[in-house]
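Number of protein chains: 2
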Amino acid sequence: MSLINMLSSPEWLVEENDFDVELQNTFETLFTVGNGYLGTRATLEESNKGEFAATYISGIFDNHDSTVIDLVNAPDWLPVSIWVDGIKLNIQSCRVLSHRRVLDMKTGALYRFTRFKDSLDRITSYESVRFASIQQSHLCAMRIAVTPENYDATLVVESSIDGGNYNLDRIPNYAETKKFHPETKWNKWAKSKHLRFVSNESSDKNCYLEMETIDTKHRVGYAATLRAQNCDVNKTQRRDYEKVTQIVEFKAKKEHTYIIDKLVSIFTSRDVASDIINDACMETLNKALHDGFDRCFNDHINEWNSRWNACDCQISGDKEAMHALRFNIYHLLISANPNDPKVNIGAKTLSGEGYKGHVFWDTEIFMLPFFIYTQPETAKSLLLYRYHTLEGARKNATLNGYSGAQYPWESADTGLETTPKWTADGVNRIWTGEEELHITADVAYGILTYLSATGDMNFILNYGAEMLFETARFWISRIELNTDKDRYELNNVIGPDEFHEHVNNNVYTNVMVRWNLQNSALLLETIKQHYSEEYAHLAKKLCLSDEEVTHWVNVAAKIYIPFDTESGLIEQFEDYFQCKEVPIVEWDKNDMPCYPAGYDHFNAGETTLLKQPDVVMLMYVLPDEYDDEIKRRNYEFYEKRTLHKSSLSPCMHAIMGIEVEDTHKAEQYFLRSALVDLVDNQGNTEWGIHAASTGGTWMTAVFGFGGFRVRQQKMSFKPWLPSTWNELTFKLRWHGDCLDVSITQSEIRLLLHSQKSHPEEINITGEKQVLQRNERQVFCLNSSMN
Amino acid sequence: MSLINMLSSPEWLVEENDFDVELQNTFETLFTVGNGYLGTRATLEESNKGEFAATYISGIFDNHDSTVIDLVNAPDWLPVSIWVDGIKLNIQSCRVLSHRRVLDMKTGALYRFTRFKDSLDRITSYESVRFASIQQSHLCAMRIAVTPENYDATLVVESSIDGGNYNLDRIPNYAETKKFHPETKWNKWAKSKHLRFVSNESSDKNCYLEMETIDTKHRVGYAATLRAQNCDVNKTQRRDYEKVTQIVEFKAKKEHTYIIDKLVSIFTSRDVASDIINDACMETLNKALHDGFDRCFNDHINEWNSRWNACDCQISGDKEAMHALRFNIYHLLISANPNDPKVNIGAKTLSGEGYKGHVFWDTEIFMLPFFIYTQPETAKSLLLYRYHTLEGARKNATLNGYSGAQYPWESADTGLETTPKWTADGVNRIWTGEEELHITADVAYGILTYLSATGDMNFILNYGAEMLFETARFWISRIELNTDKDRYELNNVIGPDEFHEHVNNNVYTNVMVRWNLQNSALLLETIKQHYSEEYAHLAKKLCLSDEEVTHWVNVAAKIYIPFDTESGLIEQFEDYFQCKEVPIVEWDKNDMPCYPAGYDHFNAGETTLLKQPDVVMLMYVLPDEYDDEIKRRNYEFYEKRTLHKSSLSPCMHAIMGIEVEDTHKAEQYFLRSALVDLVDNQGNTEWGIHAASTGGTWMTAVFGFGGFRVRQQKMSFKPWLPSTWNELTFKLRWHGDCLDVSITQSEIRLLLHSQKSHPEEINITGEKQVLQRNERQVFCLNSSMN
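Listed in order, the protein sequences are those of chains A and B.
Take the position in the first sequence, starting the count at 1, then add 152; the result is the number in the numbering used here.
Take the position in the second sequence, starting the count at 1, then add 152; the result is the number in the numbering used here.
In case anyone wonders, no lab produced these hints; they're calculated from the structure.
Be a bit skeptical, because a hint or two may be false.
It does not matter which identical chain is used: a pair holds within one copy or between any two.
Claimed, not checked - Here are the simulated EDC-like pairs of lysine to aspartate or glutamate, each with C-alpha atoms no more than 20 Å apart in a straight line:
id : residue 1 : residue 2
1  : 870       : 777
2  : 792       : 813
3  : 693       : 172
4  : 792       : 758
These figures come from a predicted structure and were not determined experimentally.
Start from the sequences, fold in the hints, and give me the full structure.
Take a look at the structure:
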């Protein structure tokens, strides 16, 4: 009766085949289970020293006791300990004969297979499977199968809900001079407490814990029950302040497998009124109890099947790439909540507390495209978060002396700027909160990208337009007229390349601002023409005048864009070309560039070295802005100066590498992006999944290899496949329809499922084509592909 | 059957009568139980958030994972939790109807009386008493008396030995900008792990945990047993990595009191060979089990009685002063181990981890006198620590480029310098490790003070002389000849007043060095004359020549001592009189001076303000060095400039205040010293008892009010009693004899218990007197006393 029979086929599995204490925190991130409502790191049920146990519930932020507002590390629903005649099955003090964990991406479940041998030579097989239901997001469940292999004994199973989790705060810088024991490294961090005890309950049937965030006053309730399936048990409970425990005790016989199910329901005062959290938890728990573990798991699996069905992207001929790509999509799928328009995806998803759960431009530029083209409802939800934080963005602008809406570089629950002012060691000033302005244009870009793929004018009229216009207003108030040169400038900013702070006229920022202003004006014109009633409403609400909009266009026309006409090089910012040239001469074991001797994050700004692409980014984001030759020259120039010290970097170089036909490097960059967490090539996966890279990996598959882009409002394909790839297939949602795409080395096959009837004009490798609806069509690719 | 009947009479009790979470960490320090071998902070048995549980075993240091070597926070022997039908008796989640704790100083035991009311209105009376046996220092014990007042229920009692304790490391400075919730304040500190798991065991009878310090490889073993006295119980055990637990479960009846005893034995590899720690623990535990709690407690109480008998100091007429004085003596008695010549007393005793358990000059100057005059065997043990760390002191000298032995400003297990280089927040450099040199002379002073009181030439010949000569050698190598002025100087030092760093010719240091050199030479001469064999051995061992010793005397004669002959003011260091005068204008609620506006510890060095006495200190330490008028003038000058930002300060001002007849202030200073921890007037009692102040308080009673000093090798008395005091009595050990002293407003009564027969020459209020042995003698005090 081993759980092993439940596993999907191998291509869906990510495995850990040993217990390496040094890798535990990394696997905790990789094997996170979640459903967009919450994410739970893959700590072991019995909990061991050095683990970082965490469950994050999207939208539950608090800033009590912490230097910056945190996504709260909520109570832990995992704890289960098993005691064999009083000896705990513990991976640190028992002998571990074998230990294997498997993340089943197809079913969103984490399996574990451990064999313990204790000091009395008793061998116990311990198996478990856990999931956070994606069908009923308030439900988490775990099944444990325990088998005494060579003994009879009394087994005690203790299952808890533990409200004692902390968030990590800063680390003293002196502490970094030592390498810490993996059991104790978190002890060097200051910890922030965000939850205070409200109440606990227990009965024969279940237990309940309610906590409250100390400053933001969110209530969080967990109800849990423990059920042993096939044995007579003695049941007791324990209530101890912020920890509630259920205990079952039974006489276990040799070679018999005992099944214990733990079901947990979770609600917060963001979901229901505070006074009915308990009721909501109990109702969900009772339904789950009634249905039983198997049915709950089946419902969950069915929903996973339909999610995969909507977005799976398959590579035939390259198992590693396919596997890694799926891993990235898995994490995208558990990071967003289509049903909560007031939350978004943090830079580390719900899998770790790097960046404290804050939301960055990563969403609009890196993750949003995946959702736009595979689950537009979720994309809409993500954009609505920006609408619901518009007040905060307006306040940011006001506080800084500007008009309109200034989206925060780091966003939490309100849209107010939440970027910390100092690095975690307190030594270096972080300026991105003040200077990395492009986020505001990126939000606008996300909105119009969504519009172009969905045609969802309702969203624009109700929410999007207001954001667009308010961002345009912010830019107008922030931009400065240089009267000497008769041009508009944005000074003292940081572009995507964060090595260079306090720069003037960052080209990415300036071009995006121009685009933001122009497209806001265009959209307003469209609305004025076609939706006069809504226009009137908006104009009144926002006090918009024609003169103001004309001014947007006039300013946009005069924004300074540094460009060297002779070389065709776009200058990343004013005087960037005067920076010191320091060549990259060393690469690490992952073939990632090393800092040249004497340089680090905080002084690389003196050089032309880039943390991550800036001009290259721009050429991707606005593909019609520059011609192919300019793209090639600039890619070549900047690529060799880029250190990729951001996980946002490789995917952009992969996509642009394909575009400028540097395909060899593009393949490398694709793998760097796809494997960023699986091989931990940024060295910080323990802090959470690199969300932008998950999206960037999907984008590389679809926009890079698949060559899909929207150009002049039309779908366009210019694929290129690595020689080992036989076929790349994926799906795209387009204006309510669904397009099946299959690409081989020689052709592209398209099938547009649609309720409409008129043919769709598309572009394939530069040529206009007509795509009939509901009809599989094959287009030959020109021979230049390889 | 309440434990309350066991309490001593009220004058021996220190009480806490309420549960105030803000004061918990302070009471944990105040109510520490210990026996010199170990100290255990007074956390509650059930353990609550925000407590700082700690047991420190003298001599168990480790520096793994910490910025400076720590006195290791050893496994916790206290944990006992009680569950009433599954609900934990927890001071944070149950209603606490009453909570009282009483430290019984007479018997070295901590009592607790708590009444809990749980959410089902069940009321439980919980009482406990705990002690660390002073008769068998490897034994700790606890008795719990639990009474269900209004219900029948199943009670579960869980008792653990928990190896999971941490030491606190630095705190990030930014964290101090917020006041932290008492439940979570320790979370802001980095924590250092020093113990790793070795083994655990459990049986029906007892459980055992062994841990090892990670870097220093000391093994620490705890055996424990839990015994319910008067009920049928179901007994189980739990072993979980570094935590071993025994559980008893029984049906409890209303109004019946259940007695549960916990006995714990502790040994380390400093006590016995590593491979027999377990055996040693079991043997001690089994003996204790055989004897039973009551007998163990009686043995402990009897030993306490004899300790108090040796050193109690009674004030009749002032209960508060008497009570506070006893409290200080209590903490002296639990801080030193007469049986371990390789350990000493940390600046915070074994009651907290301020200063990381390190040993300072506090021992020789502040605590040693108490032991010299009441328990000379313990004093000898404390001095032997300096002998056993002589190699470290030699190495310090070598490392700094000097000869001889340089005692470390902060000393741990080896005598190597262990002063941290930075303040806990990493912001300010600490220079005492490099510059506060006087410690080396203070050690020499301690040795000769011991000799003068005991006449123990054996100690000198075997240990003391070597230390004396090596310290003299250090000074000779450190001192500089100023050829221009034909004088010897000690430049770039810190005196006792630590506000002033990098000063030249600090007068305390220079005079003590002169004294050190002169007395080393004198001692050598004595040995040469009277112990020729030992002299030959020493001279050979240390390569000592007559020329070298002559040089000591010559250098001593030319050491520069800043002194203004006109004013009679001793200048604290060269150019001290040029510092800025900033008057003290504000006092806090404890009547302690506040920093003048704009000043703090790190810039007060620009001014003439003192952290603690320096010149005043000197006049106390070497009473024959200056005449009464000079003492008066200097006391007056410096007293008004002293901020008392050290707990070492008030007692010195009390003693010197009496000496110069500033008795009003002396009384105030005595109380400040005596109450430093009881009213927490330094604001940091949570970090441990101020050891120097405990000794300084006793010194104020005996040397100040009692007027006892050794002048010209003779006992001398010049008492002064506050008007409310009727009588002051104390005991002194003097050259193997014991002197009973009783002082009233008008007379001093002496009784010298002795085996010898010749009378003793003493000095009373400046006049020579002859004291007959074994005969009570009364001397009238002259009327100038009040």
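How the hints compare with the structure:
Taking the shortest alpha-carbon separations for residue 870 and residue 777, only the intra-copy value of 18 Å comes in at or below 20 Å, while the best inter-copy value is 97 Å. In this assembly of identical chains, residue 792 and residue 813 lie within 20 Å of each other by CA distance solely inside one copy; the values are 15 Å within and 82 Å between copies. In this assembly of identical chains, residue 693 and residue 172 lie within 20 Å of each other by CA distance neither inside one copy nor across copies; the values are 59 Å within and 54 Å between. In this assembly of identical chains, residue 792 and residue 758 lie within 20 Å of each other by CA distance solely inside one copy; the values are 17 Å within and 55 Å between copies.
Violation of the numbered hints given earlier is confined to hint 3; every other hint is satisfied by the structure.
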